[in-house]
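Student: Residues per chain, in single letters:
2 protein chains.
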Amino acid sequence: MFESAEIGHAIDKEVYDAEVPALREALLEAQFELREKAAFPVIVLINGIEGAGKGETVKLLNEWMDPRLIEVRTFDQQTDEELARPPAWRYWRMLPAKGRMGVFFGNWYSQMLQGRVHGEFKDARLDQAINAAERLEKMLCDEGALIFKFWFHLSKKQMKARLKSLQDDPLHSWRISPLDWQQSKTYDKFVKYGERVLRRTSRDYAPWHVIEGVDPHYRSLTVGRILLEGLQNALNRPAAKPATVNAAPLPVSVDQISLLDSLDMTQHLEKDDYEEQLITEQARLAGLLRDKRMRKHALVAVFEGNDAAGKGGAIRRLAAALDPRQYSIVPIAAPTEEERAQPYLWRFWRHIPARGKFTVFDRSWYGRVLVERVEGFCSPGDWLRAYGEINDFEEQLDDARVIVVKFWLAIDKQTQLERFQAREEIPFKRFKITEDDWRNRDKWDAYRAAVGDMVDRTSTEVAAWTLVEANDKRWARVKVLRTINRALESAFEKSDKHDKKHGK
Amino acid sequence: MFESAEIGHAIDKEVYDAEVPALREALLEAQFELREKAAFPVIVLINGIEGAGKGETVKLLNEWMDPRLIEVRTFDQQTDEELARPPAWRYWRMLPAKGRMGVFFGNWYSQMLQGRVHGEFKDARLDQAINAAERLEKMLCDEGALIFKFWFHLSKKQMKARLKSLQDDPLHSWRISPLDWQQSKTYDKFVKYGERVLRRTSRDYAPWHVIEGVDPHYRSLTVGRILLEGLQNALNRPAAKPATVNAAPLPVSVDQISLLDSLDMTQHLEKDDYEEQLITEQARLAGLLRDKRMRKHALVAVFEGNDAAGKGGAIRRLAAALDPRQYSIVPIAAPTEEERAQPYLWRFWRHIPARGKFTVFDRSWYGRVLVERVEGFCSPGDWLRAYGEINDFEEQLDDARVIVVKFWLAIDKQTQLERFQAREEIPFKRFKITEDDWRNRDKWDAYRAAVGDMVDRTSTEVAAWTLVEANDKRWARVKVLRTINRALESAFEKSDKHDKKHGK
Chain A
368 MFESAEIGHA IDKEVYDAEV PALREALLEA QFELREKAAF PVIVLINGIE
418 GAGKGETVKL LNEWMDPRLI EVRTFDQQTD EELARPPAWR YWRMLPAKGR
468 MGVFFGNWYS QMLQGRVHGE FKDARLDQAI NAAERLEKML CDEGALIFKF
518 WFHLSKKQMK ARLKSLQDDP LHSWRISPLD WQQSKTYDKF VKYGERVLRR
568 TSRDYAPWHV IEGVDPHYRS LTVGRILLEG LQNALNRPAA KPATVNAAPL
618 PVSVDQISLL DSLDMTQHLE KDDYEEQLIT EQARLAGLLR DKRMRKHALV
668 AVFEGNDAAG KGGAIRRLAA ALDPRQYSIV PIAAPTEEER AQPYLWRFWR
718 HIPARGKFTV FDRSWYGRVL VERVEGFCSP GDWLRAYGEI NDFEEQLDDA
768 RVIVVKFWLA IDKQTQLERF QAREEIPFKR FKITEDDWRN RDKWDAYRAA
818 VGDMVDRTST EVAAWTLVEA NDKRWARVKV LRTINRALES AFEKSDKHDK
868 KHGK
Chain B
368 MFESAEIGHA IDKEVYDAEV PALREALLEA QFELREKAAF PVIVLINGIE
418 GAGKGETVKL LNEWMDPRLI EVRTFDQQTD EELARPPAWR YWRMLPAKGR
468 MGVFFGNWYS QMLQGRVHGE FKDARLDQAI NAAERLEKML CDEGALIFKF
518 WFHLSKKQMK ARLKSLQDDP LHSWRISPLD WQQSKTYDKF VKYGERVLRR
568 TSRDYAPWHV IEGVDPHYRS LTVGRILLEG LQNALNRPAA KPATVNAAPL
618 PVSVDQISLL DSLDMTQHLE KDDYEEQLIT EQARLAGLLR DKRMRKHALV
668 AVFEGNDAAG KGGAIRRLAA ALDPRQYSIV PIAAPTEEER AQPYLWRFWR
718 HIPARGKFTV FDRSWYGRVL VERVEGFCSP GDWLRAYGEI NDFEEQLDDA
768 RVIVVKFWLA IDKQTQLERF QAREEIPFKR FKITEDDWRN RDKWDAYRAA
818 VGDMVDRTST EVAAWTLVEA NDKRWARVKV LRTINRALES AFEKSDKHDK
868 KHGK
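One line per chain: the protein sequences are A and B, in this order.
The first sequence stops at residue 871 when you use my numbering, and every number in between is there.
The second sequence stops at residue 871 when you use my numbering, and every number in between is there.
Chain A extracted, bound-state conformation:
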């Protein structure tokens, strides 16, 4: 994989000087066009051998292009805010917006390579990390991002010579960190695992470019040309992606019966039972969130449901149990301008709670496969791939001990009608009913099909859906609370076992 980057590529100064002006001009032009169209973000990943010119090349790109449109991000030590959340959170928060270019030093690849080289984990974990990187990049590309992955390479001999010459040069010796010297010892391992990583993550949508780092002219021109060509191609591709869906369409149940039909919509609670059970479950929840094991977890509750199914009421009964300092509620409406300039999961990542905290999403990322699907706000290709992306997302939460609980509050069509009419009559509830609600009601069957598919495809072991019979509000509220309590208890037990096994 690295052979052709060890053969001593070099470019004459004359050739270089003659080529650079036109290249710069074209890069600038592409960059401004990117800004004007603001059609996609550009992500540049910088990896490879220390001393192979990574820093110099990034510096040069900032000189060649307009640095005002480039964000260079380093990911060294995690901050405590980052440590309290899933590992990918730090990358999500730094993603460049559409029309801009983000250069990521010390990205997910450096993290996995460091870990493996220094023996923090074995190949199996490395492969998991590789897999996660692949999925992340695939998703970013599907959302329109243009990703460049550069591996700056040096042979072992070249690297040693390079470090030596840097060290001897007083103007440059500051550039050599202890890490660099360390790498001269771990070179073989680094290259071995680097090969494994590159081999598995070089994909058509985001290939690796291995750059021989010895000759500055060669590596600068090469990187510049790759960037230029990639930018120009992406800028000239047709605006609307053809809605190519390779898979067969979603299976339609032959008997037209879905999981929703299996719900017993007559479930209900008498007032006395309700009040007793509600108080019991609220006290239980309050206790569980104060449990010291909660400090190792976070809790995410997702509320979806038919309009007027009682999401707000259920959320309020939940909130009533808790210290308001411990939870936050994120109501999801139309995305803001900054959110629209990012992949659709970005607006949810930004609200992922820190350890010990609880976030309620009042509507959620499932909008992608519900309202966006039904209303045609995104293409079939987009919502079809969203099931997998969402499962990946929730798996990352689960890996970081974020407990995910998801509710679909279901009411029947007649109950909805009655509630809509009642809302229109009560002054302070008028805000809760809009034209949109009536319009959505006309699409009852389409939404029902979307819900069925959603549950079938995203109710997983790590984040199961709970269907809530919500014709009776009391029943629904108690079921929601009880489900959260059970999820917390079972997560705590799992942690206990895990910690015991690992002697903590």
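No wet-lab data here; the hints were simulated from the structure.
Keep in mind that a hint or two might mislead.
[What the hints assert, rightly or not] Here are some, though not all, of the chain A residues that point toward chain B, as calculated from beta-carbon distances under 10 angstroms:
1. E430
2. G679
3. I682
4. E704
5. K799
[Said to hold, decoys possible] For lysine-lysine, the following DSBU-like pairs were computed, each having C-alpha atoms within a straight-line distance of at most 35 angstroms:
6. B:K465 - A:K724
7. B:K556 - A:K659
8. A:K724 - B:K724
9. B:K840 - A:K404
10. B:K465 - A:K465
11. A:K426 - B:K799
12. A:K840 - B:K426
13. A:K799 - B:K404
14. B:K426 - A:K799
15. A:K663 - B:K531
16. B:K724 - A:K527
17. B:K505 - B:K810
18. B:K663 - A:K724
19. A:K556 - B:K659
20. B:K531 - A:K724
21. B:K840 - A:K426
22. A:K426 - B:K638
23. B:K659 - A:K531
24. A:K527 - A:K489
For glycine and all other residues, C-beta sits at the position ideal for the given N, C-alpha and C.
Based on the hints, put chain B in the right spot on chain A.
Tutor: For chain B alone, kept in the frame of chain A given last:
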């Protein structure tokens, strides 16, 4: 100040139960109207004696109102990201957007009171903190925010009884933190300094409400009514603030000569001198930013100037000197939707660099007194008060050892014309010239007057303006670099002296 909150206010359960339903309904209605209009944010500050019902009241508000529109924020331990920035940064990042309500526990008042009570500083520093709080709140209110400040009070006797009863109640004993018990010892001090703080910060635009905390019915009803009345008043006030400007208009120089006229616009550098000096200053800058004293500082450079004055080129010469991992460039264009939902300084606060880092603002908060003034995007009242607000802002940066360097790049009208024409002819520079640029040119004199006022009113000891003669780009670029270098050197020397004095 607290006397009338120690007289044993109480409300019967019957009265309470009779009043609450209407109050809740009205609060909900006000809250939804707030969301619909999204005209202003609501900030609720919660302070006072431990055990006086602060937590309970916030919990109740979340039950009475729609918790999805309320954000409860606690400010305990600062995170490392917060510690690396000016103290106010953590509050700015948590401000509620227009249409929403933010409840701040542990806000700026708790911080100053804790510090004073535990003897971390004396009255003089407390007074500085009081002053800063006053300015912050004044600015927020001028920007439209509605601020409620609640002080929950208990007499010493009441407090001791309350803590005792909480402790005896197994369901509640977890609520008492070590801090609470500590407060029973520091009660007298806490109340004494609390009085000082309340006395000085109770203003017409953001008065304190002292609430006797003994009787839950009394305190809940009182808080609820104050909130309701305040919300309703604010929702019903006329949308457009009358542009009342109390001060005399800005003085116009009798001889029509401003600081800009005193610039020698013929300043220039020969190519050889330029290249030598540029390299020297770039190397100096690179060295200074690597200096270990930089770890205690951050650097902010502001670039303003006539269109086509060469801001971009100067910024690129700056960037060329540096490791791209150390700086970031923030180009300021029209604010995004999320930025428009916040006070105008919010979008700059979010980019304030952490210690050790360098941020370049390509255009800045001075837009308020330049383009917004000249184009009439804000009222005279708004931009007139901005001078003081900006000085406060920069003083906070300076206090946190953020070095602020500000450049006005000045060219004359003829030079601008030539550059506009040249830009229209060069393909990759066409992006840089728009209709707007030609329109702005027509307002040359108005901009010139605005620049004069800006420099007169915001060139301060903590953040001076540097006027740059930019007809000659070489001269301008070297002057910019040299000015930044001098600012860094002088800041480092000041730190050295300060540290030596304090034996560090």
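Student: Does the structure keep K724 of chain B and K527 of chain A at a Cα separation of 35 angstroms or less?
Tutor: With Cα atoms ~31 angstroms apart, K724 of chain B and K527 of chain A stay inside 35 angstroms; holds.
Student: At a threshold of 10 angstroms, is the proposed contact between E430 of chain A and chain B supported by beta-carbon distances?
Tutor: 5 angstroms, holds
Student: Compare the distance between the alpha carbons of K465 of chain B and K724 of chain A with 35 angstroms, and conclude whether the hinted pair is satisfied.
Tutor: Satisfied, since the Cα-Cα distance of roughly 25 angstroms is no more than 35 angstroms.
Student: Minimum Cβ distance from K799 of chain A to chain B below 10 angstroms?
Tutor: 8 angstroms, holds
Student: Are the Cα positions of K426 of chain A and K638 of chain B separated by 35 angstroms at most?
Tutor: Answer holds: K426 of chain A to K638 of chain B is near 24 angstroms, not above 35 angstroms.
Student: With a cut-off of 35 angstroms on the C-alpha distance, tell me whether K799 of chain A and K404 of chain B pass.
Tutor: Distance ~15 angstroms between K799 of chain A and K404 of chain B Cα, so the pair holds.
Student: Quickly compare the C-alpha distance for K465 of chain B and K465 of chain A to 35 angstroms and report which way the hint goes.
Tutor: 25 angstroms, holds
Student: Tell me if the straight-line CA distance from K556 of chain A to K659 of chain B falls inside 35 angstroms.
Tutor: 33 angstroms, holds
Student: Below or equal to 35 angstroms on CA atoms is what counts here, so check K663 of chain B against K724 of chain A.
Tutor: 32 angstroms, holds
Student: Assess, step by step, whether the Cα of K840 of chain B is no farther than 35 angstroms from the Cα of K404 of chain A, and give holds or violated.
Tutor: Cα-Cα ~30 angstroms, so holds.
Student: Sort out whether K659 of chain A lies within 35 angstroms of K556 of chain B, counting only the CA atoms.
Tutor: Between K556 of chain B and K659 of chain A the Cα gap is close to 33 angstroms, so the pair holds against 35 angstroms.
Student: Are G679 of chain A and chain B close enough, Cβ to Cβ, to be under 10 angstroms, as the hint says?
Tutor: It holds, given that the least Cβ distance between G679 of chain A and chain B is near 7 angstroms, below 10 angstroms.
Taken one by one, the earlier hints all hold for this structure without exception.
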